[in-house]
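Student: In case you want the letters, here they are:
Number of protein chains: 2
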Amino acid sequence: MSSLDALIDALKRLPGVGQKSAQRMAFHLLQHDRAAMQGLAQALRAAGEDIKHCQRCHTFSETELCRVCADPDRDARLLCVVESPADQAALERTASYRGYYFVLLGRLSPLDGIGTRDIGVTELLARALEGVEEVILATSFTAEGEATAHVLAEALRARGIRSTRLARGVPVGSELEYVDLSTIAHALVDRR
Amino acid sequence: MSSLDALIDALKRLPGVGQKSAQRMAFHLLQHDRAAMQGLAQALRAAGEDIKHCQRCHTFSETELCRVCADPDRDARLLCVVESPADQAALERTASYRGYYFVLLGRLSPLDGIGTRDIGVTELLARALEGVEEVILATSFTAEGEATAHVLAEALRARGIRSTRLARGVPVGSELEYVDLSTIAHALVDRR
Ligand SMILES: [Zn+2]
Ligand SMILES: [Zn+2]
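Order-wise, the sequence lines are chains A and B.
Heads up: the first sequence is residues 1 to 192, going by full-length UniProt numbering.
Heads up: the second sequence is residues 1 to 192, going by full-length UniProt numbering.
Chain A on its own, in the form it takes in the complex:
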């Protein structure tokens, strides 16, 4: 295989990149931005070597403890459980949560063979017993995310730890007309 074909194939493994975009990317880099090509190669290598997981919350971190876990000024009574570092980053961007996190790095999916051990439930339960008063289950509102939240809520309840779920509802800024029906139905049920 030529280096060009190998490059196109490698670019196709990026999420959302098909044959056509991969080809366009490869040609663009080769013709207009050889510096970006070397920069990306270097950034990929460095990220692969430097980025591990936080020992406490399992999010991506270049240090033993991530920035959030290492911050003593957070509210230690709150622990928010998310599926991925990307979800955690989204929550952090809202700047409206001041507790700590636990990142599952997945969600329960029996069909794919992903069980409680794979998402670190034992570690989560141990972490929740360190003075946490409320675990906010912020897994996705998908079938698997809901099932994961349910299992975690039961396990936490058995240990006397209260858990809550993010509110379902109409996205801020949306016109009701364009919101899908099940979201509206949930927003009705969860009305304040």
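In short, the hints are calculated from the structure, not lab data.
There could be a bad hint or two in this list.
[As the list claims (entries may be wrong)] Here are the computed distance ranges between Cβ atoms for each label pair: (1) ASP9/A to LEU176/B: 17 to 23 Å; (2) THR122/B to LYS20/A: 30 to 36 Å; (3) HIS32/B to ASP33/A: 22 to 28 Å; (4) LEU181/A to LEU166/B: 46 to 52 Å; (5) GLU175/A to GLY18/B: 21 to 27 Å; (6) PRO15/A to ASP71/B: 22 to 28 Å; (7) GLY18/B to LEU65/A: 29 to 35 Å; (8) GLY39/B to VAL170/A: 38 to 44 Å; (9) ASP9/A to ASP71/B: 21 to 27 Å.
[Unchecked claim] Under the rule of at most 27 Å between Cα atoms (straight-line distance), these lysine-lysine pairs were calculated in the DSSO-like manner: (10) LYS20/B to LYS12/A; (11) LYS12/B to LYS12/A; (12) LYS20/A to LYS12/B; (13) LYS12/A to LYS52/A; (14) LYS20/B to LYS20/A; (15) LYS20/A to LYS52/B; (16) LYS12/B to LYS52/A; (17) LYS12/A to LYS52/B; (18) LYS20/B to LYS52/A; (19) LYS52/B to LYS12/B.
[As the list claims (entries may be wrong)] In silico negatives: residues of chain A with every beta carbon more than 12 Å from chain B: (20) ILE8; (21) ALA46; (22) GLU49; (23) THR94; (24) GLY113; (25) THR116; (26) THR122; (27) LEU125; (28) LEU129; (29) GLU134; (30) ALA143; (31) VAL151; (32) GLY173; (33) ASP180; (34) SER182; (35) LEU188.
The C-beta atom is built at its ideal place from N, Cα and C for all residues, glycine as well.
Since the structure of chain A is already known, use the hints to place chain B with the ligands on it.
Tutor: Structure of chain B with the ligands alone, referenced to chain A:
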């Protein structure tokens, strides 16, 4: 800057990739496909080192002469001028052209300071004098592509070499109703 931020920045230099997709790509690679990460780093490096330009037609090539230029069974009377290796690849995929190519690696753009020297006009004229009977100007049907074709046609005519332009017209498979007006107008003028 952290290795994660550096990776997101590097991914943003890919065409069509903004902050959000770059972040999604980085998180996906880190969480699900570390092998793809190393593979892409390797492919970028190899491509940067291996892929040069064909000495004859200027397209990307890992050898002195590209596969097309090295093929003695092509029709040496035909030379097709394109703006980029991507355009050449598109023409090759049609499997309906059997001549050789000359790749400008750009198009005339006085405002951006891209002149005849930058797109290799001297080399093209020399190449066209090597037994070529018809130069097909397949530059884009944009203002700059048209201007480039015009300048090349004049220079070729002055040397007694015939040039043609790809036909403008209605894309195959399109309903007239949805084709833009200037395309229909050109298709009328160029009607066969
Ligand atoms: Zn952490
Ligand atoms: Zn060539």
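Student: Next step is simple, just say for each hint if it's right about the structure.
Tutor: Going through the hints against the structure:
About 39 Å separates the C-beta atoms of ASP9/A and LEU176/B, a value inconsistent with the hinted range of 17 to 23 Å. For the pair THR122/B and LYS20/A, the supplied restraint of 30 to 36 Å holds, since their beta-carbon distance comes to about 34 Å. Roughly 27 Å separates the CB atoms of HIS32/B and ASP33/A, a value that falls within the hinted 22 to 28 Å. The beta-carbon spacing between LEU181/A and LEU166/B, approximately 50 Å, falls within the hinted interval of 46 to 52 Å.
Evaluation of the 21 to 27 Å hint for GLU175/A and GLY18/B yields a pass: the beta carbon distance comes to about 25 Å. Checked against the given bound of 22 to 28 Å, the beta carbons of PRO15/A and ASP71/B, roughly 37 Å apart, lie outside it. The hinted range of 29 to 35 Å is satisfied by GLY18/B and LEU65/A, whose Cβ atoms lie roughly 31 Å apart. For GLY39/B and VAL170/A, the Cβ-Cβ distance of about 42 Å falls inside the hinted range of 38 to 44 Å, so the restraint holds.
With their beta carbons about 24 Å apart, ASP9/A and ASP71/B fall inside the hinted range of 21 to 27 Å. With a C-alpha separation of about 18 Å, the suggested pairing of LYS20/B with LYS12/A holds against the 27 Å cut-off. Taking the CA atoms of LYS12/B and LYS12/A, the gap is about 16 Å. The hint holds against a cut of 27 Å. Between the alpha carbons of LYS20/A and LYS12/B the distance comes to roughly 18 Å, so the proposed pair stays at or under 27 Å and holds.
At roughly 24 Å between alpha-carbon atoms, LYS12/A and LYS52/A fall within 27 Å of each other, so this suggested pair holds. Among the hinted pairs, LYS20/B with LYS20/A is consistent with the structure: their alpha-carbon atoms are about 20 Å apart, no more than 27 Å. Annotation: proposed proximity of LYS20/A to LYS52/B holds, straight-line Cα distance about 22 Å (limit 27 Å). Taken as a hint, the LYS12/B and LYS52/A pair is honoured in the structure, with Cα atoms around 22 Å apart against an allowance of 27 Å.
Between LYS12/A and LYS52/B the CA atoms are separated by roughly 22 Å; this keeps the pair inside 27 Å, and the hint holds. Straight-line distance between C-alpha atoms of LYS20/B and LYS52/A comes to about 22 Å, which keeps the hinted pair within the 27 Å bound. With a CA separation close to 24 Å, the supplied pair LYS52/B and LYS12/B stays within the 27 Å bound. Remark: the non-interface label on ILE8/A conflicts with the geometry, its nearest Cβ contact in chain B lying 9 Å away (cut-off 12 Å).
With a cut of 12 Å on Cβ distances, ALA46/A falls inside the contact zone with chain B, its closest approach being about 5 Å. A beta-carbon of chain B is positioned within 12 Å of the beta-carbon of GLU49/A; the least distance is around 8 Å. For THR94/A, the condition that its CB be more than 12 Å from all CB atoms of chain B holds, with the nearest at approximately 15 Å. Annotated as non-interface, GLY113/A keeps its C-beta farther than 12 Å from every C-beta of chain B; the closest such distance is 15 Å.
The Cβ of THR116/A sits about 19 Å from the closest Cβ of chain B, beyond the 12 Å cut-off, so the non-interface label holds. Distance to chain B confirms THR122/A as a non-interface residue, since its nearest Cβ pair spans about 20 Å, more than 12 Å. Remark: the non-interface label on LEU125/A is consistent with the geometry, its nearest Cβ contact in chain B lying 22 Å away (cut-off 12 Å). Separation of LEU129/A from chain B is adequate, the least Cβ-Cβ distance of about 27 Å exceeding the 12 Å criterion.
For GLU134/A, the non-interface assignment is confirmed: its Cβ lies about 27 Å from the closest Cβ of chain B, beyond the 12 Å cut-off. ALA143/A, annotated as away from the interface, keeps every beta carbon of chain B farther than 12 Å; the closest lies near 20 Å. With a cut of 12 Å on Cβ distances, VAL151/A stays outside the contact zone with chain B, its closest approach being about 21 Å. No Cβ of chain B approaches the Cβ of GLY173/A within 12 Å, the least distance being about 17 Å, so the stated non-interface status holds.
Non-interface call for ASP180/A relative to chain B: holds, since the shortest CB-CB distance, roughly 22 Å, exceeds 12 Å. Consistency note on SER182/A: stated as away from chain B, and its beta-carbon is indeed over 12 Å from all of that chain's, at 25 Å minimum. In this structure LEU188/A is separated from chain B by more than 12 Å, as the shortest Cβ-Cβ distance comes to about 31 Å.
Against the hints set out earlier in the document, violations occur for numbers 1, 6, 20, 21 and 22.
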